[in-house]
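Participant: Chains as they are written, first to last, in this note's numbering: chain U, -1 to 112; chain B, 153 to 269.
The hints are simulated quantities; they were obtained by calculation from the structure and are not laboratory data.
Any given hint might turn out to be false.
Just so you have them, the derived chain B footprint on chain U, three or more residues with Cβ under 8 angstroms [unchecked claim]:
id, region
1, 50 to 59
2, 101 to 111
Below 30 angstroms or equal to it, Euclidean Cα-Cα: the simulated DSS-like pairs (lysine-lysine) are [claimed, not checked]:
id, chain 1, residue 1, chain 2, residue 2
3, U, K50, U, K20
4, U, K55, U, K11
5, B, K220, B, K208
6, U, K50, U, K11
7, U, K55, B, K220
8, B, K204, U, K55
Built from N, CA and C at the ideal position, the CB exists for glycine as well.
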Amino acid sequence: AAGVIQSPRHLIKEKRETATLKCYPIPRHDTVYWYQQGPGQDPQFLISFYEKMQSDKGSIPDRFSAQQFSDYHSELNMSSLELGDSALYFCASSLIPRVSGELFFGEGSRLTVL
Amino acid sequence: GDSVTQMEGPVTLSEEAFLTINCTYTATGYPSLFWYVQYPGEGLQLLLKATKADDKGSNKGFEATYRKETTSFHLEKGSVQVSDSAVYFCALSLVKTGGTSYGKLTFGQGTILTVHP
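Isolated chain U (complex conformation) (with noise of 0.2 angstroms):
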């Protein structure tokens, strides 16, 4: 079965560089969410999208923005990078919030900021 594609899986950049971090949804999933993964921490919400709007917004940077596209893809621009912003950011995708609220995670991008 189809999963949650993420690209690049690994992403080296210098501070104050920017970075993009693209995700393809399951099929016909329409709605997107964004996590950071710091080391050792719990990921944190960032941002969702259904149907391409804006539908959640959690703990994500002003330097940061994200958007989706009318194929569904996503993807979360981040720029003037710090150091801190080394993180595995996951994105994930479901089919409208249901009440089970699953969520299927893609495997992450690893960004490390030098």
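Starting from the known structure of chain U, arrange chain B on it as the hints suggest.
Facilitator: Chain B only, in chain U's frame:
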């Protein structure tokens, strides 16, 4: 705010030992509860879930019961295997009035489980 608290870790067990990982929650609404597992170098996988009080979620020998009176969702397995070594996250998702979930998951801090042969 809504939060999930897991037992302090890490947990180290011998193969075939009994496992309990405690999880309690606070929520302003009526949450759905989940356990996700993260194997080394991989993403988060749903292990089991429960959507209402007294529901029992189960999968791969793991079980957890939604206890509203104690706001808990403890994970148990009767006999762990080396392959169960991973990080386990308890999580909640709030349910809107009308039954559709907000979708956003709030995670606990995770519990590292290591099982030795």
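Participant: Kindly indicate which numbered hints from before are broken by the structure, ordering the numbers from low to high.
Facilitator: none
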